[in-house]
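With the sequences and hints as input, model every part of the structure.
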Amino acid sequence: MNFDFSDEAKALGEQARKLLAEKAGTGPARKAMAADSPAMDAALWAEISELGWTAARVPEAYGGLGLSVEEVAQLAEAAGGSLAHVPLVSTLLGTEALVLAGSEAQKARYLPGIASGATIATVAWSEPGAVNPATVKTEAKADRLTGTKQPVADLPVAHVAIVAAAGPDGPQLYIVDLAGADSTVVETIDLVRRHGRLTLNNTPAEALGTASDYQDWLDRAAVITAYEAIGTAGAAMAMTVDYAKTRVAFGQKIGRYQAVKHKCADMYIKLELARAHALHGLAMIGTNGTELRQAAAAARVASLDALAYCAEENVQLHGGIGFTWESDCQFYYRRNRALVAALGPRGWWAERLVRALEQRNRAAA
Amino acid sequence: MNFDFSDEAKALGEQARKLLAEKAGTGPARKAMAADSPAMDAALWAEISELGWTAARVPEAYGGLGLSVEEVAQLAEAAGGSLAHVPLVSTLLGTEALVLAGSEAQKARYLPGIASGATIATVAWSEPGAVNPATVKTEAKADRLTGTKQPVADLPVAHVAIVAAAGPDGPQLYIVDLAGADSTVVETIDLVRRHGRLTLNNTPAEALGTASDYQDWLDRAAVITAYEAIGTAGAAMAMTVDYAKTRVAFGQKIGRYQAVKHKCADMYIKLELARAHALHGLAMIGTNGTELRQAAAAARVASLDALAYCAEENVQLHGGIGFTWESDCQFYYRRNRALVAALGPRGWWAERLVRALEQRNRAAA
Amino acid sequence: MDFNDTPQEAEYRAQVRAWLEDNAAEYRTPPAESWKLPEFIARSKAWQAKKHAAGYTGITWPKMFGGQGLSPMHSIIYGQEESRFHVPQGLYSIGLGMCIPTVFTHGQPEVIQRYVPKALLGEEVWCQLFSEPAAGSDLAGIRTKAVKDGDEWVIDGQKVWTSFAHASDYGIVVTRTDPSLPKHKGLTMFIVNMKAPGVTVKGIKQMSGGSDFNEVFFDGVRVHDSHRLGAVGDGWKVALTTLMHERLAVGGKPRYAPGYETLMKLAREIDAPDGNPAIAASDVRQKIAQTYINDQGIKLTQMRALSALSKGQVPGPEQSISKVVVAKTMQDLASFALDLSGGDGFVAGADADPELAKLQGSYIGSAGLRIAGGTDEILRNIIAERVLGLPGDMRPDKDTPFNQAVPA
Amino acid sequence: MDFNDTPQEAEYRAQVRAWLEDNAAEYRTPPAESWKLPEFIARSKAWQAKKHAAGYTGITWPKMFGGQGLSPMHSIIYGQEESRFHVPQGLYSIGLGMCIPTVFTHGQPEVIQRYVPKALLGEEVWCQLFSEPAAGSDLAGIRTKAVKDGDEWVIDGQKVWTSFAHASDYGIVVTRTDPSLPKHKGLTMFIVNMKAPGVTVKGIKQMSGGSDFNEVFFDGVRVHDSHRLGAVGDGWKVALTTLMHERLAVGGKPRYAPGYETLMKLAREIDAPDGNPAIAASDVRQKIAQTYINDQGIKLTQMRALSALSKGQVPGPEQSISKVVVAKTMQDLASFALDLSGGDGFVAGADADPELAKLQGSYIGSAGLRIAGGTDEILRNIIAERVLGLPGDMRPDKDTPFNQAVPA
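Chains as they are written, first to last, in the numbering used here: chain A, 1 to 365; chain B, 1001 to 1365; chain C, 2001 to 2408; chain D, 3001 to 3408.
Don't read these hints as lab results, they were simulated from the structure. Be a bit skeptical, because a hint or two may be false.
Here are the simulated lysine to any residue pairs, SDA-like style, with alpha carbons at most 25 Å apart [unchecked claim]:
no., chain 1, residue 1, chain 2, residue 2
1, C, 2265, D, 3274
2, D, 3328, B, 1182
3, A, 253, C, 2372
4, A, 10, D, 3006
5, D, 3185, C, 2408
6, B, 1031, D, 3215
7, C, 2145, C, 2210
8, A, 253, C, 2210
9, A, 31, C, 2316
10, D, 3328, A, 10
11, B, 1245, C, 2376
12, A, 245, C, 2372
13, D, 3358, A, 245
14, D, 3358, A, 362
15, B, 1018, C, 2316
Here you go:
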């Protein structure tokens, strides 16, 4: 049995965590929070592009490294843990869609730029009033899209958007070139990551795969964003544990109190469950396994649960200081909401999980 | 504002708790658990009848004391807390149905016997496959009932059953005289309280009020059984708290550990919430208030939540000893399931609560 | 059993209501935009003076200190009626609710004479200086020191979480006057002039972006010994009486916080995963039920306490569950509802949907409410220890001289 | 990444499978009715002898003690394959899993020679005598005493929660040999003959009605000093090595406990409050999802540990979450499902519905599983302290002589 990351993926994750510990983290996030700060850390983007992170998943034929989704997961976890102010996860999600469903021509057009870091991608499914990835209302007619997409992560810096719209067989993905697109900044609860509104008004677009590819991409995106959430949740837990080891009240380190220590244990438990399902998702992607749909949905739900708990109890266990603007707790508390919005809520994914289980049970019967 | 029990009700409750602390409790419950023990404590039943507890709610015209449902609540809580091996709550629930919906003739026939303790009543709504009070399938045709009722609390000792069956306007109550009825003992998870199966095969019965009266009775029954559950939950909490004050581990009373003490605090919190809603229910019954339906449903749900938590964590905080047959923890753990079965599950009552809130909101709009 | 006033209560309520109708007419509707600080202070002072003239200040205080000598029920009735208007609120709640009762309980006669009447009239604003960065839940761990110098004391240190420090004229401050004694023993309380040299007030910005509290720095601030409250070394006991007044304040849900109705309304407009309106989904309905049970359960619990007050009894310990239930229920509701609303609930100001915006505010604010005035964890300790009689946590530093205590 | 065996593992698995096909044929289906104790013991002994002859006992033990000297992965593969048959199970798990490794690690050569081979062959059954009524979670609080008398020790006291004590020939017992030392210091471990005069075994009836454990009373039981395991006073250290072997055992969900599929099946047959099948209700579906996430999450976590073993690494601390998740998930699922099923789930044996009957058993059994082998609370302490590095609870009695410690 080999239910673990490859040594190569682990090494890349190690590199990513090390670099981002140095160049990202809550310090830079605080700078990025300022209203007049740039929408991304361009120097860091250049450095990670140089290191080949955006090229990791791009096939060698298109100037990439042709690595597996395991490497993508490691990068997503590192980005999530460091709150890195770069459009890395958005670009990785867009890349995954192109790799999965793109035609030769589409891959040739976009992937080399992504590999080099020159092209920043994002995905846009959310719409006002559309609360989950299945209910997009943006209309597709003759390769032109009409509708409003918001909030779209990293839209202000992206060059290409992978847009979900109602196609002939249900919702599916389209590619929209953002040069000249009607895009505005949208403020959100997350003050670090930038989001935007993309107004599509008979805007030219190109179908990216089929309605079924959209569903398959959602599975992959759920696994990748699960790792992002695990990274963020893990950082919040580490912050709590550090504080519990040093803060003193009533003559004891607060980590000695079971109310504190058992919450830390629960953070760890929730994170390990999320890690188990997310790894299952990776294994299913890697082996074209039949359990991908259920594994991906379970990873999404478990990682959102872990993140919400870690983010909320991190504030709580810091006490008064944790609720101040100066505290770093708020970054995780706010990012929690960003990651819910990024791919649709817990309830929808739990329903998707149960449907997958029912299907499997029917198939087995 | 006078949101509290009357002094008279409190005095009766005090009397009931005192007597039952002496004559009931886990000691007698353990004896009652033995397979060959009588189906009720006849001596205790005679004593409480003598004291007028069964007469409390019966109007004076029928030989009773004409007291309010507040007194019934006090008795139900005392019975629940002491696990008294008598059909008191069953009889009180039957009495409430007769008082609420009975014709002159019906009251005259049954209430004097109930008041004196000679007549034991029970209510029978549950059926195999019918999981909530709205889905009874027992058929009523020309004042004859056909169907199976189980589990019916205290059926082995009861003389009259208030039976829910599908009437012309939906489910409603009927009176079935149990003399000569086809009634057998049914074993349940609760080893103390006896239950039975009542097989109705074209059995003579008399309609007790209307379908609407059945709904009103459910509200009253929910409040009364909420007090029973509060009594049982309170006894489980008291057992935990006592143990936490005396048991020593790692050189400390275990009550010093926050994992233990915060669970005790949560027991208390859940109990207080249940008490607040149950008292609201009593106030609404007493004043014919418009919020009875929501208050009753909230009392039912909150009291079941409190009981489940207190019963389960009482075992847990006792550790190994709590899981032994010799420990008294099992009485509360098992009774928890009896009280769920007694009037239908949490989910159904939560749904009833929300429907009542929606109705009120519509009325207010 | 009923929810009605007694005849005496009804009479008082009618009198209050009539007075408010005549005198608070300008506050019948909320202000078009929220007042800036100077206007808020000016309006607060004017309103307090008006109330004072009509006999609606210090309702429960002894008459000898300028109060009305009435029951807590009278005070609650006044508050209920006043809350139907949008009068300026909060400036005096700490001062008159906690500081001044401490002053007239523990102060010397001249000090009482000097400060109490002006405070009651609203001319001078007070704040309470207890918490410190290293002494939050563990209040007795304070380090701000006061050293005797002739007839005066010299105070150095830092306080935190002080409401209205920037608007206050005076404050009561707990200091450590003898660090060689165990932590609870070496404390002393003083009245301090907030405009005195050496006092610096700095606003604290919260996670929510608001700034409701301050840090206060003391740098060689001098206080005359006549301004001591209670004996030297009795500061912990004095502080406990102050905090007891805090406990009597009913800690319910913030007035405008979303409740089960919010979710009910939202769920009618949003689709569930199965495409039906979310209000039809049983998990949403269960959440509505649980929210009602918690929020309404606390309201009813407060009515139980009011009933005891109304009968002239002391309320039982039921009240202590209030905040711990309300704050977590707020956070859970907000989190659930924002989840349900997808991207819409994530866009700041919720794209002008006022319900969603309120839920966002509640999601952030509830994180603070779970901490302020006693964390969930401290409150559970209090319930377990004071209500259920369980033993306290191990306190290894309890009997150690403060300056020798080493964290275990 | 894959779930496949390595070539070496696959080869071993094939060999085991072939041997089981040939030798365990009679156990292909479960016994018509469960075996009475004497038959269970006879079958256990016969099966163990067969395994031993074929080289499938002591798989991970050093060869010098009669073992096979193979990796933990080999042992797990054997276990996986054996679990496809209904062979008699459990009689030797404590003895060979925990007692004998302690014997060959800490025993004297003659003792090892005398006991280890017979244990491995299954001729003699062993039990472990650690817990006491006053020493459950706090294992070092044991009071059973051993007093030196010439070359022998005399043991008096009581042990509890001893599995298979009634079927055992020998046991390892922790005793207090010096009560004047702090609690962890004055302990010593011995091998004790369970048939010796003064040993009394009494079954403990559990809440479930079953009787899986025993109390064992020692009344002047004599043990020769040669049967001491480790030095006098080293009993705590020796016990820790025994317990370490326990930790390696994979603590997953009991084999036949209901899971999410049970709820799925039940919910298709039961009506929700709205009259539709409960399987359509979102709260039921959320519970199915949560149960899958917890149970399957633990299975996958165990696979992570197996993968580490398979690579010859030591598994990480992930395993420690297993029981705390599994036991509570069982209780929550059973409670939810029984609620859903109304009166049917309350009638004993669930009126012959095997799924409901299983859920009832699970509701009772899970209450025990949350305690046995470390309570939820102790396990959370272990996770927080050993995995996350948080400081331990205050232990006021840690350094006090055992006979002078007064509970705080």
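Hints versus structure:
no.	hint	verdict
1	C/2265 <-> D/3274	holds, 20 Å
2	D/3328 <-> B/1182	violated, 41 Å
3	A/253 <-> C/2372	holds, 21 Å
4	A/10 <-> D/3006	holds, 21 Å
5	D/3185 <-> C/2408	holds, 22 Å
6	B/1031 <-> D/3215	holds, 24 Å
7	C/2145 <-> C/2210	violated, 30 Å
8	A/253 <-> C/2210	violated, 30 Å
9	A/31 <-> C/2316	violated, 50 Å
10	D/3328 <-> A/10	violated, 33 Å
11	B/1245 <-> C/2376	holds, 22 Å
12	A/245 <-> C/2372	holds, 22 Å
13	D/3358 <-> A/245	violated, 44 Å
14	D/3358 <-> A/362	holds, 23 Å
15	B/1018 <-> C/2316	holds, 22 Å
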